[in-house]
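In order, the protein sequences belong to chains G and W. With our numbering, the residue at position 86 of the first sequence is 88, and numbering never jumps. With our numbering, the residue at position 333 of the second sequence is 403, and numbering never jumps.
Hints are computed from structural coordinates only; laboratory data are not their basis. Heads up, some of the hints might be wrong.
To be verified - Simulated restraints, written as ranges between beta carbons of each label pair:
#: 1; chain 1: G; residue 1: Thr352; chain 2: W; residue 2: Gly131; range: 22 to 28 Å
#: 2; chain 1: W; residue 1: Pro297; chain 2: G; residue 2: Ala159; range: 47 to 53 Å
#: 3; chain 1: G; residue 1: Thr283; chain 2: W; residue 2: Gln313; range: 54 to 60 Å
#: 4; chain 1: G; residue 1: Gln196; chain 2: W; residue 2: Gly179; range: 38 to 44 Å
#: 5; chain 1: W; residue 1: Ser517; chain 2: G; residue 2: Asp259; range: 29 to 35 Å
#: 6; chain 1: G; residue 1: Ala451; chain 2: W; residue 2: Ala255; range: 37 to 43 Å
#: 7; chain 1: W; residue 1: Asn433; chain 2: G; residue 2: Gly456; range: 30 to 36 Å
#: 8; chain 1: G; residue 1: Ala451; chain 2: W; residue 2: Ile133; range: 29 to 35 Å
#: 9; chain 1: G; residue 1: Thr352; chain 2: W; residue 2: Arg474; range: 24 to 30 Å
None of these values were measured; they are calculated from a predicted model. Glycine residues also receive a C-beta, built at the ideal position from the N, C-alpha and C atoms.
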Amino acid sequence: MRAAAAVSSLLLGLVAAVAARTVTPASAAPPQTPVQDTTLRFPHRRHAGLFPQCTVCHRGIPTGDSATIYPSPAACANCHDGQVEPRVGWQRPTPLVTNLAFSHARHQQSVDSAGGTIACLSCHRTPGDTSSMAVSPPQPQLCIQCHAHSAPAHMDAAQVCATCHVPLVRAPLSLSQVAALPKPADHDAPDWVQRHAPPSPAAAAARCAVCHARESCERCHFNAARIPAIQALQPDPRVASLVRGRAPVYPKPASHDSLNWQWKHGTVAGGADGRGIAVTTCSDCHAQASCRTCHRDGTTPAIQALPALRPDTAYGVRIPPRTIHAAGWLKDHPTQAAAGVNCAACHSRTFCVDCHQGQKAQYHPPDFVAQHASEAYNNDTQCTACHSTEAFCRACHLQTGRGTRTKTSALFHSSQPLWLLNHGQAARQNLEACAACHTQASCTQCHSATGGWGVDPHPPGFDAKRAAANNPRSCLACHAKVPGE
Amino acid sequence: MTRRYSFAATLAAACAGLALTAARPLRAQDVRVSGTTTVNYVELRPLQMDSVLAATTTGDGVIRLAPDGRTVQCVDPSAYCYLYSNGSAISSAPALQDLQVSAWGFGQGMRFYADLRGRAVVNGSNTLWPQANDHFDALEAYLEFERPRVRVRAGRQWDVSGLAFNNYDGASVQVRPMSTLSVEAYGGWTLQTGLDEPVTSGALAAVEPYAPDSRGLLFGLRAQARPAPPVWVSAVYERSTPQSGSGLYSERMAADGMFRSGRLTMDLAAQIDLASADLNELRTQLLYVPDSRWTVRAFVRRHQPYFDLWTIWGAFGAVGFVEGGAGASWRSTDGALSVDGQASRRHYLNTDAEVGFAPIRSNGWSLSGSGAMRLSPVWALNAQYGLDLGFGAAKSQGGLTLRRALRGGNSVGLTATAFQTADELRVNSGTVVGLGVNGVWRLGERSTITGSVADYQHAGRVPDSGPNWSQLRASLTYNWTVGAEPGLPAPGGR
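Isolated chain W, as found in the complex (with noise of 0.2 Å):
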């Protein structure tokens, strides 16, 4: 019922903006659409749960070895033991239709905007693309009216705060009494991050038994402010509840800020939940540019992850973590050479949970640089290394791309990548390899062909050890805009 709702709501501000779109022209009148279309080819090994005679392994107790070596689970009395073991390969062709469409002239400062969204599975499996049976989506579809000093929409729009940038439905106003300062109070009906759907949807219940069986209501309150020109400040007050019962969804508030003073910029972000009395970010960080050629930075970031008061998860006494960094970033005068890297060191916050005899890490540090150089007016290489070590999952990965330009703004690249990996606190083996090509080729001003294709071989790996990454994936995409471009002169054709 939701989720008709839902659709209907979006399906009503669509053929508004039509119906708008399609009505007598006035003067001034006219439309922009932009399209992009992309074809992808993923390929990946899902995990599966394998299992062996306990006959035949060797060693007592609950973890032993089976004949090939690999490790398994055995449960006394069960005559098997259990191991993941890898899958064959299932590929999967996912394409997509975005369409962003604009409208105005329907009176002075009257605008409609769509971003709609179709999927399909062009071949192959429809589970490893992200929602590939959810055919249309509308991620954004609203009406405007937008003055001097006022600016009002409805329909689903999106909210970009400190503490989000999510889509909704509903309606917001900004008023802008003078160039420095707005207001913004807005509400209505809150959708999922990346979903765009409530928290109602079938997505979710599909995968949480616990989901909520009511759709929130929002609001929200925010104002941004410009005192001088180097001092940018916001907050934001965010306010869900359940459209039925008591309690909350969610009661946060974020305060943002950016100063910049000569060579110096220093910028301030915070998010807090009210309702739980959380920190949930605190992150300050100072960016020094002695001249053109150097960058330095440094930042200080409290972290502890935030959730929805619907969920259990609160209650678990999540305790997040501290993180210190620097880095610095040179380039030379010309530009033909930059180099950049940054190192930074986190440490969790005691969990009250730690087994003393059996610890595991608390800490965690990340090591990364990349650097470019232009070889020559149409050659330029690019490189990067970066290495992160935590308590969870590890990685060390190196990558290096080779471009070179072609007239009209094409381009053709080769990239080479290694990378070793270790992630959910499971040991992998080996390395995986790719090597891939991409290209952009200009069909005109308005439009813009780009392609990419890369094979990747787990190389050195013990078999069914662990994840196997050998993989072949693709993306081709064509992006388009035809219609008028305001303040331009209408192109060719029009």
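So that you can see chain G by itself, here it is in the shape it has in the complex (with noise of 0.2 Å):
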């Protein structure tokens, strides 16, 4: 019995030190430590029955004495002399580089505390051997056996990683190790970015931290500094080098493909108190600068409660420009803009003073003015919306031989050969078009009641004295008195 303890002890020792990788079945879980040359060098097999205890070579597992933890290259020269056997040129192994938590002996002492036993082939019995001395590292799927609680494989989203593990921050790993490490099967699944927040700071601690370090969030995350789960993690120099100059990744969440999201996200991220889950949620990707590619003033509570980007931090996710208006809003824009829809939350006012001052040629494409009689005529946008007629459309018809200051020659309207009877019906059903070129004085030429032909423009049930009351001056530019005076 102490024999088969001792070679328990012995193999332990061993497979502790040691990573699975060479050993592991092409069928069994990934590597679990870095890649490291694990061959077990020493021919145990060939050695069965010349040691009844692993514990003769390995005195050192049990009691955790490193110096005895392998045998001495002396104790193989007692056979290996060259006169009994052969001299060999064993040398202990080096130490692996390991983010293991096991101790032979602590665990030793817990089997022994809790009165059991535990012999040394009871992890490290090559599987389906049972010969002597068949020996092998042990797999993690052994360790979680008795270790693993309710986790089915090593690795599992349900695995408590620090129960064997090492924080990251702890473990001696070189930088290709840490970028080696074999990463668990639910991080690629598609939605793993999404839902990979531990519930906890102390999930991130038992499971997170064994792979990864404060800088691993921090790559995206740039309220890191809020959030209790990462704190829980520490910095880490190796992490550091290996995120460093890596994009940082932003899922988008289903819910930003719904209907109306450009219109629905500021009540979403606002709620009642103007802060809702703009800083719960929508900072974990979204920092005021997402804001500001639309909300230029960035004042409202929701985009304030954001974090403000700082050089040191990932920059959260960029939001291009774009039009978020349905097609025709060009027409649509002055009913809802003066009802009361915030224009100012995404625009500045100079973007509106930029079209309605009308003076700027960015508003119209480049060839508009060979264009734009038609809009004119047609009244799609409204061009006195911007334009004075007279100053705007006038002057420049005046400069350009279209307008006239006194009476035009018909031939102008040259697709009209009876324009003179005509033009009647076309100032009724588009004046504005008229005033684009002709002063008021080139109608009371002939539409005046003093120094014109006496032509009566008015409708039938034209209010003459409604009109004289609004403005009599007007009345006089044709009438030698008001009416009703």
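With the hints as a guide, bring the two chains together.
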């Protein structure tokens, strides 16, 4: 029994220091520890029967004495002296670098204190081989048979990694070893990024911290300082080196593709108290800069609640400028603006002035001057919303030979040979177009009771008294006296 | 005198702002200045009256043909007949400098804002660009005091309402008793749309012999409410009277509303000329979004032009039109392809001036479509076509734009366009074909250069039968911003 315990201890000592890669069956789980040379160089099976107990050679395993974990070359030379057996060049293996938290001594003590027993072969027996000293490094599946609680497999999503592994910041792994740490299968799920957040700081320490450091999170989370689970992780220069320059990943939640999201997102983010989920959820991906692409003023509480970017943090989701308005917005926007939709949430006043002030060329296409007549006639967009009919339209038309200060030649309207007869209908259908080229005096040359031909331009039912009450001066342009006086 | 007064008021507001800016810095006091420098190059061929000897024309009566086939007008017993022909091309290179200054921190809620514009013609004619000889304008310049429930502004400011987007010189007080309701009263002196000057301005008098001789005094009252999140409503009343003398320049009101319920949005707008008892605009639109790819819309509109009461136009009995239309938009789920189409038809009301044996058109319709396709992560293609037929003018126009996105938000595009027009009841011939390039180059987070140049050739036209639209147009714009951004860290260097 003692021999069996010794053999078990010996093998445990070996296996605890090596990785399973070279002996793991192809169908087994991914490697547990970084790539290292873990070949068992000692031919245990050829020495079967010589050593009744593992502790004959691995005496330090149960006690934790590192000097006697492996046999010394002199011990081998007792037989391999060149006469009884050929000399061998046995050297104690270099201790392997690992992130395992396993200690044979503590493990033995815990078993002993529980009143149990455990043999070395319990963990170190080569699967499927019952011969003596058929040993190999244990596989993680063996560990989790006792320690995994409900987890079905090593690196399962329910696994508590810290049971067997130390946090990364305490693991003496090299940069390349850290980079080669295996990835649990659930990390490859399509929605992993959306649901990767640990439920608590303790969970982060128990699972995430084995492979990740704070910089792992800060690569994307510019709000890392506000997230307790991230703060539960320690910074690590190796991880900092690995993530430096790697672009953050911000997957788009399904809600963002929902109907009218561009209109709803403010309410969702702001909530009833003006802050809503901005801090708790939006700020995982969005800083104030995300909002300011559109919300130029950025003064709403929800935006103010988001973190501002700092040079040493991730930049958050960059939202390119885009048009969120539906087709036809150009016609709709006066109503929406007047009704009180908060245009200023996205646009500065200059945006409106640039068009409505009517002198900058950026609003219309470069060739608009050659095409504008149909839009002016059809009132597709009201020219007078931005332009003075007299000082803008007429001034230009006068300069370019299209307008007239006096009576014009009917030849200008060359498609209408009976223009003198037709112009009344045309004028009443679109008097603004007439005023864009003709002064009021052009009309009063004929349509005046005092100086013209006395042609009455008023429509049937014209309320002269109302017109006079509104502005008597305009009556005097054609009449000697104001009606009713 | 009036213009001097306007300028003095603007100058006073600007000086007050600058004085505040230059005052001893207080905590959280800062300023931001944004500028836009634009240089354009435009060409145009003015129409000019020309003449031929009456003896060389063929035909009888007023309308005859010149020896080269052009239509001429001959008024007996003149020895000459007249026609409009194209003059030689004239060009202009106007430069505009816009400055927006925002300074804050002079006390809680105090801010000074100004939007200033300078103009000069760098080269060529100074008659082609609007107000090219007016070298300075203040589009806005006001002091503002804003607290959660109230906002007071004094100076030149813009008024956004269902009636107009206009600026005026005066003061406004906006009270917000609750987050869903605001009431604003404003008043001062009116300014002409797009002119930044009063109705007594020399710019208006130069083109209108009956321009008023008295400035307009403005009073307005506006209320906006959002009783529930998907409902917006507003109403505004505005009255403008001559500063001296009796009568009105205008008395109008407007009501606007917008209602959104699930996938349906409805908006409604009305403008009423109270003085003339005319309904100038009544428009409603339904927008239905069945899913994230489709948008369907339909609208009905009644429009009658509005004229200020200082003009005689209102006495001419303009009738306007009614219009109805519908359209739909579709985009693919990944946004790589989108198309939009719309059609509308309008009908002018009875004018009581129709000539039975020589009617002119009293209806019109339009058809338009556009599409955008993302060919690759960096290439995009846009196409659009529009057909517009009406009684006074018509247009058939199509265009293509190919754009390539470059690194850092830069882009370059190639644009091709072709169109035919009939305008001002004139017959034009030929097709204008244009080709242009444009681009955007970001020099940093707060500095951008945009430019475009396009050449248009009026092909297939009968010489001198109508306007010749062959021309070259170019534009170069530099946008920049310096200073602080409220709520953001100060940029480097500050």
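Results for each hint:
At roughly 56 Å, the beta-carbon separation of G:Thr352 and W:Gly131 lies outside the given 22 to 28 Å, and the hint is violated. The hinted window of 47 to 53 Å between W:Pro297 and G:Ala159 holds, with their beta carbons roughly 49 Å apart. At about 57 Å, the CB distance of G:Thr283 to W:Gln313 agrees with the hint of 54 to 60 Å. Between G:Gln196 and W:Gly179 the Cβ separation comes to about 42 Å, which falls inside the hinted range of 38 to 44 Å.
Distance hint for W:Ser517 and G:Asp259: a CB-CB separation of about 34 Å, consistent with the stated range 29 to 35 Å. Here the CB-CB span from G:Ala451 to W:Ala255 is close to 41 Å, well matched to the stated 37 to 43 Å. Distance hint check for W:Asn433 and G:Gly456: the Cβ-Cβ separation is about 32 Å, which falls inside the suggested range of 30 to 36 Å. One distance hint, 29 to 35 Å for the beta-carbon pair G:Ala451 and W:Ile133, holds here, with the actual separation near 31 Å.
In this structure the supplied range 24 to 30 Å holds for G:Thr352 paired with W:Arg474, their Cβ-Cβ distance being about 28 Å.
Consistency with the previously given hints fails for number 1 only.
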